[in-house]
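Sequences listed follow chains A and B, in order. Mapping of the first sequence onto the numbering used here: residues 1 to 274, in sequence order. Mapping of the second sequence onto the numbering used here: residues 1 to 409, in sequence order.
Please note that the accuracy of each hint is not assured.
[As the list claims (entries may be wrong)] Below 20 Å or equal to it, Euclidean Cα-Cα: the simulated SDA-like pairs (lysine to any residue) are:
(1) A:K77 / B:Q283
(2) B:K409 / A:K128
(3) B:K407 / B:E259
(4) B:K408 / A:L113
(5) B:K370 / A:K77
(6) A:K128 / B:K273
(7) B:K408 / A:Q119
(8) A:K262 / B:A405
(9) B:K408 / A:D115
(10) B:K407 / A:R99
(11) A:K262 / B:A406
[Stated by the list, open to error] Beta-carbon label-pair distances, calculated as ranges:
(12) A:V211 / B:Y149: 26 to 36 Å
(13) B:E302 / A:K79: 45 to 55 Å
(14) B:Q300 / A:G209: 29 to 39 Å
(15) B:R84 / A:K232: 41 to 51 Å
(16) B:G106 / A:E199: 45 to 55 Å
(17) B:G325 / A:P212: 28 to 38 Å
(18) A:V170 / B:G325: 35 to 45 Å
(19) B:N80 / A:E95: 38 to 48 Å
(20) A:T143 / B:M22: 51 to 61 Å
(21) B:E362 / A:S231: 26 to 36 Å
(22) B:G106 / A:D117: 49 to 59 Å
[As the list claims (entries may be wrong)] A few chain B residues facing chain A, derived, Cβ under 10 Å:
(23) A364
(24) P374
(25) R396
To be clear, the hints were calculated from the coordinates, so they are not data collected in a lab. Note that beta-carbon positions come from the ideal geometry of N, C-alpha and C, so glycine has one too.
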Amino acid sequence: MSEYFVIGLDIGSATAKAVLIDNEGKKIASSIRPTAGRLLQSAETVKREVMEQAKVNEELVKAIITTGYGRDIIPDKTKSITEITCHARGAHETEPTIRFVIDIGGQDSKTILLDIDGQVNRFEMNDKCAAGTGRFLEVMARTLGIHLDEMGEMAVKSDKTSRISSTCTVFAESEVISLLAQGEEIPAIVSGLCRAVSERVQGLAARVGVVPPIMMTGGVAKNKGVVNWLSKILKHELIVPEEPQIIGALGAAIMGLELINKNNDSIQKITQSK
Amino acid sequence: MSKRVPIRATAQMKQLMGFYYMMAKTAENDPEQKIAWITSGGPVEILHAAGVIPIYPENVAAMSGTMKIADEICAVAEDNGFSRDLCSYARTDIGSVLSGKGPLMGTPSPKPDFLVCCNNICGTVTKWYEELQRIYNVPLIYIDAPFQYGIKDRPEAIDYIESQLKQMIEQVGEITGKPIAWDKFIETLELSDRAVKLWREIQDLLQHKPAPMNSFDTFIHLAPIVTLRGTQGCIEYYETLKAEMLERIEQGIGTLEHEEYRLGWDNLAIWYKIKFLADRFSQHNAALVVSTYTRNFCYQTEDRDISKPLRAMAGDYMAGYINHGLDFREKELYQMVQNFSLDGLVMHSNRSCRAYSFGQYELAQTMEEKYGVPVLIIEADQNDTRMWSDEQVGNRIDAFMERVAAKKK
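Whole structure, please, built from the sequences with the hints as guidance.
This is how it looks when you write it as structure tokens:
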């Protein structure tokens, strides 16, 4: 068994994610829970869950790196790092050739250009608006009376795509209601919504300048409808990792490990010089 | 963090500005004392030479922003049909006029006897001042400064402005009933010239590491050069400030305990968030040491001939950063990066100021790709707090600083 472990905690607006890695950077356990407004509690839950899964007690956890919207409120953190840097690091770790990351989470969407060595070059985030985020799809799923998880499959299967002209979540909702009133079929509307999100995110991608290969992360990456539309609009294939939601937490954990190694190096240097 | 050493001169500036506004408010009831409202890039020397008190609606609006009363004043303008997309300075000013509320002990700027508008800062001022003219029914003097697309200013444009300045001198004389004496005008120009040079020298002192003050300080110490250039008081103030900066440099006084990163700022200040921004950047040991905004008030044409004062003045009034196209802006930004040893640039994409914000994405890309300078773009507004979010901007600053730090390693 590994000498010690590192936990990455990604406390987002919709979900809390934890990843536990060993001292070689191998992922041992992960957990995802909805935050439901209780950031601290859900952070504690996912942290406990990864430790239980890995059968690791607290003494063996050498660092906890937090990221995401709630990163600064976690009391026992070693360090907090923004989700931009963590997603870039996580994507690079998962697939070292990645040059571009599109992350669509609950409340924000971001696009990040990576240097060849995985460092963040440029980034963009959505601005004061929920259009083009997971929350947009959540609101629409509720309006349509369907499950968020069904949307992707539904969109992919539909051969028709409704035109959703508004990018505002509130106005798009009334547009959806009027489409329903006109007798439009739900799958076509869902496909239209996935396209609307993708078009919105395309703007963020273009500002940064797309360089393939592209990885898509965050909860919305599980929606095949959005992935398909985005790939069509950007004219590039998107690589979606097995667990797109935990990439930020994974990046955080990896950076925690690097921090420990760096500290060890400097301790070693100090002892050697003595 | 060690305690910041406050700048002593600030108290003197508050006194200077307080006296100036008190004098202006008193003059409101004195029919002999003329008051003119003028745009921040307007040729104020002519007013000072004529003994007219200049009032800067932009400066007064910024005061409302700093005092966090701009939102409610803007709302009055919006209730009266002015679009929320209009510049928030214009909305703050017009709202202030319409509501009778303002930052000068709760009241708006003293009423104008005439208006002076120069479009070297933007096109919005044209319509804004026409609106003021309709409200107050007073003369409006308009100076049209052609936008310069190239790096070098066009001589025929200078001719054009020079002829307008000549005309303005006559117009002001007619309005006040006393023609402006040429000697007095030349004396005012010399005073203005000295103040402008001092302001540039003070800002250049921030090239020193650690910088003796930061851009958030210069935003505040900008007030006299905008409103009082051409007066003795302005020079005295900046001489005091300069001496204090030299003293701070000698004693190694900076604004952070450890100045690790140096950044430049582009566009107007975000008046209601100065403290938030200063704190957030200082958490990352980053000091903002130069801004295109405060430097905009000390541009002079290169081959300036002071033996032809009116022509030199005409050149200066089109020499500003925001009266120029992207090639000029690129050159200036890169010079700032080199002279001030910058690790990155922060661009405020200002919803109110299109003339300033236009082209920032293009410039950012050039700075990144051609010169390898990291750029952060913050979307906000100079006065309208509704365009702001602590969480989002804070997050972007943190991510940007992580990137700057990784690059510097």
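Outcome of the hint check:
1. A threshold of 20 Å between alpha carbons decides the hint, and for K77 of chain A with Q283 of chain B the separation of about 17 Å falls inside it, so the pair holds.
2. Among the hinted pairs, K409 of chain B with K128 of chain A is inconsistent with the structure: their alpha-carbon atoms are about 32 Å apart, more than 20 Å.
3. The hinted pair formed by K407 of chain B and E259 of chain B meets the criterion: a straight-line CA distance of about 16 Å does not exceed 20 Å.
4. Simply put, K408 of chain B and L113 of chain A have alpha-carbon atoms about 18 Å apart, close enough for the 20 Å limit, and the pair holds.
5. Under the criterion of a C-alpha separation no larger than 20 Å, the hint pairing K370 of chain B with K77 of chain A is inconsistent with the structure, at around 39 Å.
6. Only pairs whose Cα atoms come within 20 Å are accepted, and K128 of chain A paired with K273 of chain B is accepted, the gap being roughly 17 Å.
7. This hinted pair checks out: K408 of chain B and Q119 of chain A have alpha carbons roughly 12 Å apart, not beyond 20 Å.
8. Using a Cα cut-off of 20 Å, the hinted pair K262 of chain A and A405 of chain B holds, with the two alpha carbons roughly 15 Å apart.
9. The straight-line distance between the Cα atoms of K408 of chain B and D115 of chain A is roughly 15 Å, inside the 20 Å bound, and the hint therefore holds.
10. A threshold of 20 Å between alpha carbons decides the hint, and for K407 of chain B with R99 of chain A the separation of about 17 Å falls inside it, so the pair holds.
11. Note on K262 of chain A and A406 of chain B: the hinted pairing holds, with a Cα-Cα distance of about 14 Å set against a maximum of 20 Å.
12. For the pair V211 of chain A and Y149 of chain B, the supplied restraint of 26 to 36 Å holds, since their beta-carbon distance comes to about 32 Å.
13. Checked against the hint of 45 to 55 Å, the pair E302 of chain B and K79 of chain A passes, with Cβ atoms roughly 49 Å apart.
14. Range check, Q300 of chain B to G209 of chain A: about 37 Å between beta-carbon atoms, so the 29 to 39 Å window is met.
15. A hinted range of 41 to 51 Å for the beta carbons of R84 of chain B and K232 of chain A is inconsistent with their spacing of about 35 Å.
16. Between G106 of chain B and E199 of chain A the C-beta distance comes to about 48 Å, which sits within the given range of 45 to 55 Å.
17. With their beta carbons about 34 Å apart, G325 of chain B and P212 of chain A fall inside the hinted range of 28 to 38 Å.
18. At about 39 Å, the CB distance of V170 of chain A to G325 of chain B agrees with the hint of 35 to 45 Å.
19. With their beta carbons about 57 Å apart, N80 of chain B and E95 of chain A fall outside the hinted range of 38 to 48 Å.
20. Roughly 59 Å separates the CB atoms of T143 of chain A and M22 of chain B, a value that falls within the hinted 51 to 61 Å.
21. The supplied range of 26 to 36 Å is met by E362 of chain B and S231 of chain A, whose beta-carbon atoms lie about 28 Å from each other.
22. For the pair G106 of chain B and D117 of chain A, the beta carbons lie near 58 Å from each other, so the given range of 49 to 59 Å is met.
23. Of the supplied interface hints, the one on A364 of chain B holds, with its beta-carbon coming within about 8 Å of a beta-carbon of chain A, less than 10 Å.
24. Taking 10 Å as the C-beta contact cut-off toward chain A, the hint placing P374 of chain B at the interface holds, the least distance being around 8 Å.
25. The beta carbon of R396 of chain B is positioned within 10 Å of a beta carbon in chain A (closest approach about 6 Å), and the interface hint is therefore held.
Hints 2, 5, 15, 19, counting from the list given before, are not met by this structure.
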